[in-house]
Amino acid sequence: MATKILDITKEHCPMTFVKTKIELSKLQEGDTLEVLLSEGEPLDNVPRNAKEQGFNVLRVEHVEGTTHKVVIQK
Amino acid sequence: MIDFTEEQIQRYSRHILLQDVGVEGQERIMNARVLVVGAGGLGAPVSLYLAAAGIGRIGIVDADEVDLSNLQRQVIHFTQDVGVPKVESAKEKMLAINPDVQVDTFHEYLDSSNALDIIRDYDFVVDGTDNFPVKFLINDACVMAGKPFSHGGILRFNGQTFTHLPGTACYRCFFKEPPPAGAVPTCSQAGVLGAIAGMLGTIQAAETLKYFTGVGQLLTNRLLTFDAKTMQFRTIPVRQRPSCEICGEHPTIDHLIDYEQAACDLRK
Chain A
0 MATKILDITK EHCPMTFVKT KIELSKLQEG DTLEVLLSEG EPLDNVPRNA KEQGFNVLRV
60 EHVEGTTHKV VIQK
Chain B
0 MIDFTEEQIQ RYSRHILLQD VGVEGQERIM NARVLVVGAG GLGAPVSLYL AAAGIGRIGI
60 VDADEVDLSN LQRQVIHFTQ DVGVPKVESA KEKMLAINPD VQVDTFHEYL DSSNALDIIR
120 DYDFVVDGTD NFPVKFLIND ACVMAGKPFS HGGILRFNGQ TFTHLPGTAC YRCFFKEPPP
180 AGAVPTCSQA GVLGAIAGML GTIQAAETLK YFTGVGQLLT NRLLTFDAKT MQFRTIPVRQ
240 RPSCEICGEH PTIDHLIDYE QAACDLRK
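From first to last, the protein sequence lines are chains A and B.
Its first residue numbered 0, the first sequence is counted upward by one per residue in numbering that gives the first Met the number 0.
Its first residue numbered 0, the second sequence is counted upward by one per residue in numbering that gives the first Met the number 0.
Hints are supplied without guarantee of correctness; some may be wrong.
[Stated by the list, open to error] Which residues of chain B face chain A? A few of them, derived with a C-beta cut under 7 Å, are: (1) 14; (2) 16; (3) 22; (4) 94.
[Said to hold, decoys possible] Chain A residues, not near chain B, derived (Cβ > 10 Å throughout): (5) 0; (6) 2; (7) 14; (8) 17; (9) 18; (10) 20; (11) 28; (12) 37; (13) 47; (14) 54; (15) 61; (16) 66.
Derived from the structure by calculation, the hints contain no laboratory data.
Given the structure is predicted, the values throughout are model-derived calculations rather than measurements.
Built from N, CA and C at the ideal position, the CB exists for glycine as well.
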């Protein structure tokens with residue numbers, strides 16, 4: 000049950016999805032990925048996209064300023 | 000699993016985003032080895048798109064040098080390349096698009112003496128040639144070696160293509176043997192609308208990428224034809240012929256054949 004952190008706060012669409020997708024594809028069953036992202040478009044779309052791909056979005060937390068953390072599990 | 004570099008992530012992002020391709024599909028593309036026979040009208044778009052897609056290793060076979068009359072349709076060659084071997088000109092453009100790919104060049108004609116040796120190292124073959132003898136040679140060599148291939152042909156305003164996998168119809172199943180030398184003009188005699196080379200070649204490139212990623216249905220047991228004058232596309236069902244001389248139940252061809260080519264097609 001490993002946890003990895005991915006920071007995409009400096010990325011824009013569609014690289015936000017691409018980078019998240021690549022890291023998600025490396026997860027084993029039960030592993031989690033913590034994605035740091037900015038509010039607005041990434042926060043609106045990245046968790047939704049992960050759900051559409053069949054992953055569980057465990058929680059979304061505010062970190063600081065405009066940065067949020069989305070915890071995704073395979 | 001390949002660890003994509005930052006540059007590869009950017010370069011292949013539009014493939015990675017595709018649900019049906021994704022990280023895994025792009026990895027398969029990068030591990031693939033494809034042989035393109037002919038660096039002409041069809042080979043040009045095929046080679047450019049396969050290099051752009053990141054096919055790991057691409058071989059190109061062509062004995063010719065770039066001629067001014069090629070440039071109307073063979074978009075991988077530029078005016079400055081006239082006189083340069085087509086395989087070298089093509090390799091330069093492919094590496095300029097994507098330095099990640101390995102390009103092997105074969106500056107020679109494919110014939111019965113070298114065909115099996117050359118195709119051995121590749122997983123998929125693309126026929127981008129302009130004459131019947133070598134189309135039958137590619138078919139027979141691929142069937143014998145158990146290699147999948149994409150057939151393609153263009154003339155005037157027409158194109159045709161199908162994909163062969165072992166166990167599906169081959170070229171000989173529906174065209175038993177080459178027409179008599181000179182009976183059917185090649186595009187060097189009859190002419191060809193330049194853009195249809197791109198239309199057909201890109202279909203072949205798409206089939207190649209579908210083969211490696213496993214996406215969708217290939218053009219197996221189906222011959223796709225189009226007429227650019229009316230822009231009508233047809234898909235004609237074809238099937239494996241049990242009496243086929245090369246892939247049938249009792250094959251009678253056990254060696255590769257160099258068919259005679261019309262005299263005016265012979266290169267100096």
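We went through each hint and held it up to the structure:
1. At its closest, the beta carbon of residue 14 (chain B) sits 10 Å from a beta carbon of chain A; the interface hint therefore is violated under the 7 Å criterion.
2. The restraint placing residue 16 (chain B) at the interface with chain A holds, with a minimum CB-CB distance near 6 Å, inside the 7 Å limit.
3. Checking residue 22 (chain B) against chain A by beta carbon gives a least distance of about 4 Å; that is within 7 Å, so the hint holds.
4. The beta carbon of residue 94 (chain B) comes no nearer than 24 Å to any beta carbon in chain A, farther than 7 Å, and the hint placing it at the interface is violated.
5. Annotated as non-interface, residue 0 (chain A) keeps its C-beta farther than 10 Å from every C-beta of chain B; the closest such distance is 19 Å.
6. Against chain B, the non-interface label of residue 2 (chain A) holds: every CB pair exceeds 10 Å, the least being about 18 Å.
7. Under the 10 Å C-beta cut-off, the non-interface status given to residue 14 (chain A) relative to chain B is violated; the minimum distance is some 6 Å.
8. For residue 17 (chain A), the non-interface assignment is contradicted: its Cβ lies about 4 Å from the closest Cβ of chain B, within the 10 Å cut-off.
9. Distance to chain B contradicts residue 18 (chain A) as a non-interface residue, since its nearest Cβ pair spans about 7 Å, not more than 10 Å.
10. The beta carbon of residue 20 (chain A) is not kept farther than 10 Å from every beta carbon of chain B, the shortest such distance being approximately 6 Å.
11. No Cβ of chain B approaches the Cβ of residue 28 (chain A) within 10 Å, the least distance being about 16 Å, so the stated non-interface status holds.
12. No Cβ of chain B comes within 10 Å of the Cβ of residue 37 (chain A); the nearest lies about 19 Å off, and the non-interface call holds.
13. Even its closest Cβ contact with chain B, about 14 Å, leaves residue 47 (chain A) beyond 10 Å, as expected for a residue assigned away from the interface.
14. Consistency note on residue 54 (chain A): stated as away from chain B, and its beta-carbon is indeed over 10 Å from all of that chain's, at 13 Å minimum.
15. Non-interface status of residue 61 (chain A) relative to chain B is upheld: no Cβ of that chain comes within 10 Å, the nearest being about 28 Å off.
16. The Cβ of residue 66 (chain A) sits about 21 Å from the closest Cβ of chain B, beyond the 10 Å cut-off, so the non-interface label holds.
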